[in-house]
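Top line first, the protein sequences correspond to chains A, D, P and C. All the letters of the first sequence, read from the start, carry residue numbers 1 to 305 under this note's numbering. All the letters of the second sequence, read from the start, carry residue numbers 1 to 1043 under this note's numbering. All the letters of the third sequence, read from the start, carry residue numbers 1 to 118 under this note's numbering. All the letters of the fourth sequence, read from the start, carry residue numbers 1 to 233 under this note's numbering.
These aren't lab readings, by the way, just hints derived from the structure by calculation. Among the hints, erroneous ones may be present.
[Stated by the list, open to error] Pulled a few chain D residues facing chain A out of the computed Cβ check, cut under 7 Å:
#1 Val47
#2 Phe434
#3 Gly924
#4 Leu930
Don't be surprised by glycine CBs; every beta carbon is placed ideally from N, CA and C.
Single-letter residue listing:
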Amino acid sequence: MTIYAKLGYTLLGLLIVLNWGFLMGATFRKIGARVAGRYGIPFYQPWLNLLKNISTRTTITHGVMYYIGPVFRLTGGIGLFLFMPMVFTGTVDGPWTNFSFEGDLILILYFQVFGMLGMALGAGQGGHPYSAMGIARGLAQHAAVELPLTLAFISIAIQFDTFSVYKIVAAQQGGIENWVLFTNPFAAATIILAMLGAMGHSPFNLVKAPNEILIGPATEFEGTYLGFMQSAGSILHVMEAVLFMNLVFGGASNWIELIVKTFLIYFWSVFVGMVFPRFKIEQSVTWFFKVPLLLGFLAIIIYSF
Amino acid sequence: MNLISPIYIVAVSLGIAFFMGLLGNKAQRSSFLILIAALLFNTVVSVQWVYALATGLTDPTQIFTAGFKPPFSINLLMGLNESVITALINIVGVLGAFYMMKALKKNGTGSQVVFLVLFMSLNVVVLSRDLFNIFVFLEVGSIALAGLIILQKGTKAVSAGFKYMLATGIISGILLIGIIFIYRFTGSLNIDSIITNNPMLKQGAFVSAFLIIIAIVLELKSFPANGWGLDVYEASHPGIGAILSAASATATYFVLYKIVEIAGSQLNYYISLIGVVSFVGSNLLALKQENSKRLLGYSSIGQIGLLMIILGFKDILGENTTYVAFGILVSHYLAKAGLFWLSGIVKQKNIKDWAVTRKKPYFLFLMGTFIFALIGFPPFPSFFAKWTLVMDLVNSGNISWVVAILFGSMMEAVYMIRWFGYAIKGENENIESFKIDSYKIIPVGIVAIALYVAGYFVAPHSEVGTAINFIPLYFVAAIFILDFLPVFIKNTIAIIGMALYFYFVYPNLDTLRLIFEAIFMVGGILTLIAGYAYKGKRAGFYPVALLMYAGLTAIIEAQTTLQFFFGWEVMTAGSYFLIIRGKRSMPHGLSYMLFSIGGAYALLTGLGMAHAGQESFSMEILNGISYLPYWAYGLLIVGFLSKTAALGLHIWLPGAHGEAESDVSPMVSAILLKAGVFGIVLTLIGMGAANTQYSELAYALGWLGAITALAGNLMAVFQEDAKRLLAYSSIGQLGYIVLGMAMMTHLGWLGGFSYVINHFLYKAVLFLTIGAVVLRVGTHNMYQMGGLIKRMPLAFIAVMIGIIALSGVPPLSGFAGKWLFYNAILDKGWYFQGAIMFFSGGIAFMYLWRLIHTVFLGQLKDNHRNVKEISIWFLIPIYTLLAGIMVYSMKPQWVLQPLGNMIAKWFPEGQLQWVGETAISQYGHWAGSLVAITIIGSFLIVLIILMLSTRKAHKVKQFDITYSGERPERPETTHIAYNVFEGLYKAMWPATIPLVEAWWNKVTEILHNIADVTRRIYSGNGQVYVAHIVLFIIVSYLVIIGG
Amino acid sequence: MEIIALITGFALILIGLYGILSKKNIIKIIVGFSLFDTGLHVLIVTVGYIKGGTAPILDSVVGTTNVASKIVDPVPQALVLTAIVIGLGVTALMLAYALKMYQAKKSLDISDFKDMKW
Amino acid sequence: MIKNFFIIAILAGLAAIFVTLFWDFGDSETLTPLATHYATNGATEVGAPNLVTSIVVTYRGFDTLGEVTILFLVASIVSFFLKREKVQKEIAPKRETSEIILTAAKLLVPIVMLLGVYVFINGHLTPGGGFQGGAIIATAFVLLLMANPDFEINHKIIATVESVSGIAFVLIGVLGILLAGGFLDNKVLPLGTFGKIFSAGAIPLIYSFVGLKVGSELSNILSNLQGVQKEEM
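So here's chain A without its partners, still in its complex pose:
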């Protein structure tokens, strides 16, 4: 298809993802509230927030990096979307494969960091002490999560002899039994566990602790900055889910399937979050070094012979 059509489809896809991200976010805050016995927000709250934030008059700046922060973050989200094949339609340059021809799983893995980096830079420039804490914890946890995830990814790559997400999805088509979930249970299990850390909900949300009490980056960045970051956040959430969907749950052959699957994947992490209290960093790090790591090793061992 022509590059223009490609661009059109991609932008459309981005729009869908953004809105689905908002909706999903709202839904889960609602669920959270109900579990806690509160009424909770209306489902359209995120859109209101965005509008309000973008239209605030007074904005401040702490300096150049203060801009770069949100920008990095949003770019991180968009980029992740761009390099991710969203919906499997049987051809590589199908309508919803975005720019995945430019890179493979590894590109996506490393590009995830782009967003974090932005967050780190921006928050740092904000000059608020707690943000530094949050980021330090975040990085530590990220490193711990990466290890089992990497093992799982490698195992999947060995399984299908490719790093191309598209090919991995393609290989899982034709029936639920082809999903990695069943063909490579160890890798799947590893991902399903490690994913909790990647999603960053409780018990692995100490990262967000500093701005739980209402200070830290979330308040340093208000107005448009916050708006950008919220959009970025929701995109990132969806994309994380999409990534795991593509790798483990057979990808999606249409948007409905994508929405359902991402919802479930996301639900899993929220559900766990509802049940378990928050970990300290050393706890979560050690936790990832136990079961998930072990599973990850198994996942590779079965393929390395």
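Use these hints to put chains D, P and C onto chain A, whose structure you have.
Quick look at chains D, P and C alone, frame taken from chain A:
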């Protein structure tokens, strides 16, 4: 031509000596002049013989006394060896007399007579061919020495002298028994006739020969029966120490050389045995020695031991024997004389107090010359001698001997370098400086120069030494002479010189070498540019920096293994001097040097094995080593790993790189480490690249690399010192490279090489920037910085790009390495190593974030409110390198395609396909440029939107942050920067225990304890020393003749 | 004949050594040393002995014809002369040292002169 | 005790080494070829009846030179080693030397000296020689010193004798190179008639110088040691 017969040395010396007796004690001055004249005469005589014999004007000549042919009368032989040895002795005689002018004048003609007679006797000892005559003149010599010892006032000298007389008395008694019985059994006293017509038939004859030889060996103060010798070295006048170890030992050694034949070749092996015991033993015991003169004594005994080893192996060394022996002998002779004389000028007993030397900088140069000559560094003769020795020993399969010798040299290096370290860096505030008498310093200077000259002339005579390219060294020498000029000029000269050299060299290099040469030279020039930031003279910096680069380029250009090793050692020396310039870097300089030397010895042995199989010295022999290949390649790899600071050999690096000067850190980190990589690459190519049968080695290497990467990065996370952080990060990065190379696949190497280039680029950027920042803020500790982005934005941008590139986040160049590595490990099947290395990648983010957040973001400290942007002279190289990173990131194929073509030469399988700008591997695809465009595009779009929507944003003050109702006042409390990864530490502290360091510390401790316990045999009691001597005889009798 | 001389020589050497090793007094050590020397000289002379030989002087007794069969070996006798003189010199110097050492520490006990060790 | 045992052990070890020499010693009926050569050709080559002398002075004259040098060395070392800084004022009261010694000394010293001279002048004919003669002369000085402890030997004279004779010895040696076969060759002077005083070339000359030298050196050493001893009292 008719030459002055050496007999006149005796006649004139004695005549003058007797005449001086006539003068009486009044006329010291005139008599001293006569003494010098006499010594000069002797020198002239022997030197003219050297000339005549070397140029073949005459043949070796016999001098008959009393007009009868031997064996009926005593005869002297003047051959080439004799002439050279006597020349050496007489020269040191003149210089020594000059040096001791004051002492000799003070003690009157008597002492001068003794001095003259001593040197006369040494000459005779060398020349004479009659056993009993040698005995007589040995006695003359030892009595003369016993007389000279007491030129030094004080009880020490007296008791030392008495012990000396006692010991030598016993020894000469034994010698006499041997002589008289050999006369009984062979009917002759003439060495030649004994050798020719008496093949040691009778047991008794053999025993008496044994007694003679063992006595001479004891005269050489063989360990452990040498306490008396040590006392003399310690107690006597430094001038006498010089004579003892330079002249007297030389003569006695030559006696051994002459007479060892009378026992046939049966004793050779045992002489080597005694020698190696002496060499290792005394160098080991010297570890605990703190008295400088006694230390030199230990070292002299060690060197003589080494010479005895050589003597014992003369059948194996063949025609190289003379070369090797003289190489070691001359270096030791000049260096020891120099050091003893220095010790007389510096007048410090304890080696720690030698820090005072620094108050006269050129003394450091002298001392350094002597010490490096002793350890056997180029360009000194000992280097070539040691090289030849090891080559031949390995070639003849005497590996264990090589090990012993190198261990001994290692020990010697330890205490010598430590001593030198004290001199360069030790505390010298409360030591008053020393005054220099010209008559004392001139001889020192002469021997120092002589060392270089000797090295220059010895080099071509080693088997392949002719090929050595001295041009860079000339340049270094020139810069050294111009050292008085200001930085600006010297820097310019240096840069121009290197640029020209690179321009002339690069056309005749293949791609592989070109890559490294470019890193060395271009990188060198860029880092030198930063040098413009320094004011004043910056004395001594340029010679050593260029010395390092000279070594580096020599490694690249090496055609022969000798050239390679030559360059390697030159580079080591240069980098050592560079590193030790740092303020607190004395211990680190030492450990760097020791690991380097250890590594160098591993290399030496490895190269020797390579040579052994193939009887060639061309670098080609690395491909397909046939003799003990596993050991050879293993040793080579270990040697190179010591330079890349692989885990276990890394403990020198953090300190060395962390404490070095701001523009030195990038030199030694971004550039120097690549030398090790180059070596590893050569070795791996040698191992037969693709179809290697040494896969186990490669496998082990791979794991080592992976673990190194993890450990390095993990340690970096917990650093508070910015430069140490970068240093540890270097360890990790080199780990990646090693892993990549060890994979021995196309992709692995591609990844490895892309890392080589990348690491050079961004580590240079980071070290330069952080170094410059440190220069501005005056601290290494990151938690004392913060918010510097407001003051030095350019530095900030540099660091930001640097860390993005290092962390491997797309779109910057670092990602290329990561992507290649993922494909490579999948291709190779090293999944776990891969996982470990990607985990360390994740850890890397943490310290990188600290680097940017703690230093540049957060709260600006009050005392940094008006620091300036980093110096322009740093910014220029930094931004040049950044441009490089950017190009690499935008157009990876420009770098990766040529690399791929080069690597295909060794690994044709599994190359990358390039479809347009997309690299396609067996597993994945990556379109570097497109990715870059996409990301940067969307980045700009978003940025613009944001900028537009926040046009009216107003700037807020530093503390204008929401802080739970408070307004923080002090940046220190508002900048969370210290020990931020506490959580991770709680989780992973076991991995951060410095086991390796503990292990090495333990090793050193054990060695020192052994030394301390063993050296208590030197109880200081003369009787005990006599007992040692007798025991020594008995033990060697049991060993040799076997009870 | 020479057996006894030999044994005496060796014995003297060993006795001298014993003195050097066991006595603390420097003068006694020097005495031991001269014993050691004397032993050596005895050995040297013994080596030169020929059964039934006479002194190597060509006087009326020996005459000048086939001397070789009549005299003992003159070489060792020449050597012993040198050896004796050397021994004398060494002993003299040792005694001088002893004097100095006594002046320095007012003691002749060799174990008092251990100020340098290790 | 243990120390003694240890020493004995060491000596035993050394003895064991000597034993091997001892067993192979045997006993010899014939001279070594070297000695035979001296015995048969000594008379004609050197012309000294005393073969020992001809070996000492000519065949192995070079050793003798060294030997003389050693004495010379020791003398000069002792002289600057025991250099008397300043003689203490208070001199301990000394016992009178006995009449016997005094008279004996007066009587004997000249005779002893004469004997010494005789011994070294006839060194090439009869047993004895320079060293022996010199030693005898030195004993005369010992006698003097015993008789009169305050007796001061005139160092100037001794030093002169010593040096001059030494230089002469060397010069004769050098003449040997110039006029005859080599260094210290005795044929610088005619061999003369066998068995006479003025025969055997330079040997009597050399031996006289050696005698003077040794005598003066020994007495020099003696006086130095004795001088120090005086301080000690």
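Hints, verified against the model:
| no. | hint | result |
| --- | --- | --- |
| 1 | Val47 | violated, 72 Å |
| 2 | Phe434 | violated, 55 Å |
| 3 | Gly924 | holds, 3 Å |
| 4 | Leu930 | holds, 5 Å |
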